[in-house]
Amino acid sequence: MTDARFDETIHAPVRLRTCGLLRAVDQLDFAVLRDALEVSDATLSKHLKTLASAGYVAHTKGASVGRNDARRITWIALTSQGKSAFDSHMRALQEIATPKH
Amino acid sequence: MLSVMENNFTHPSAAEAADALQELADDRTHLASNIRVPWPLLAGFGALAAWWVATAASTTPGENYEPPITGWLALVGVFVIAHLIRREIGVRFSKMGAGASWSMAGILVTCFALFSVSLGLVSFGLHWAVSLTSVAAFGVTTLLSGVAFRSAIDKLHND
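So the protein lines, in turn, are chains A and B. For the first sequence, this note's numbering assigns the number 745 to the initial residue and increments by one for each residue that follows. For the second sequence, this note's numbering assigns the number 11 to the initial residue and increments by one for each residue that follows.
Calculated from the structure, these hints are not laboratory results. A few of these clues could be false.
Label-pair ranges, simulated between beta-carbon atoms [what the hints assert, rightly or not]:
1) B/D164 x A/T746: 23 to 33 Å
2) B/S111 x A/R816: 44 to 54 Å
3) B/D169 x A/P757: 15 to 25 Å
Derived coverage of chain A by chain B (criterion: at least 3 residues anywhere in the stretch with Cβ under 8 Å from a Cβ of chain B; other residues may be distant) [said to hold, decoys possible]:
4) 759-765
5) 790-798
6) 822-830
7) 834-843
The calculated DSSO-like cross-link candidates involving lysine-lysine, where the alpha carbons are at most 30 Å apart (straight line), are [as the list claims (entries may be wrong)]:
8) A/K805 x A/K827
9) A/K805 x B/K165
10) A/K793 x B/K165
11) A/K827 x B/K105
12) B/K105 x A/K805
13) A/K827 x A/K793
14) B/K105 x B/K165
Positions of the beta carbon are idealized from the N, C-alpha and C atoms, including for glycine.
Starting from the given sequences, assemble the full structure and let the hints guide the process.
Structure, rendered in structure tokens:
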């Protein structure tokens, strides 16, 4: 079982929600993630950059027949380090939300 | 104000932690509910199945029977359509769920059964009847592909 560890990098609201959505799938298109979070491109890019700097997310440009470069799909995924950190953070949140008496 | 917000980020209360967990569940529900079943592309799976079953009409069942190579081409087509579906919806599922596994098994069993029936019909000279098994393959494959896709969405929603 994953140990509980509160992660300040993950816990900022947009980054927490980003990791939550990415943890549920293998990969998400940048545009789908942006729409799900209801944030701007710039906001999401900024938070993804922070998560990428921590080694928690990775992105790949998808091949796109019939699309120009500006419309290429960018796939975002949690790295194994990111999954582990998010799982630990979730355990920490659960422990905070339901304290043992 | 900023220091209060920063404090909430580093030391959330029980209520704030519960709210954060609830918001994550809501996000997942929102994402799942926004994914539309791509029926035209799923019909592509059905078309491939129909094409493969239809190739039975051009074979010669018996001792000299040679399986058509269209099976391999259809398999390539399956991968192409799966890629197009991922690109269309912008989601690569990590888990498809038990319903998807059963649906895919159902598609395979049904297509092999319909192909065998088609070979039988051809051996009796009933080439025209293969069109019926081909249409059945299209319908069953498209329907079960939809069930598999719904299963993946439900898995995303419920996990």
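Now for the hints, and whether the structure bears them out:
1. B/D164 x A/T746: 23 to 33 Å: holds, 25 Å
2. B/S111 x A/R816: 44 to 54 Å: violated, 32 Å
3. B/D169 x A/P757: 15 to 25 Å: holds, 22 Å
4. 759-765: holds (count 4)
5. 790-798: violated (count 0)
6. 822-830: violated (count 0)
7. 834-843: As far as the region 834-843 of chain A goes, the hint holds, because 7 residues have Cβ atoms under 8 Å from chain B.
8. A/K805 x A/K827: Since the Cα atoms of A/K805 and A/K827 sit roughly 21 Å apart, the hinted pair holds (cutoff 30 Å).
9. A/K805 x B/K165: Holds. A/K805 to B/K165 sits at ~26 Å (cutoff 30 Å).
10. A/K793 x B/K165: holds, 29 Å
11. A/K827 x B/K105: holds, 15 Å
12. B/K105 x A/K805: holds, 22 Å
13. A/K827 x A/K793: Distance ~16 Å between A/K827 and A/K793 Cα, so the pair holds.
14. B/K105 x B/K165: holds, 7 Å
The structure fails to meet hints 2, 5 and 6 from the earlier list, while all remaining hints are met.
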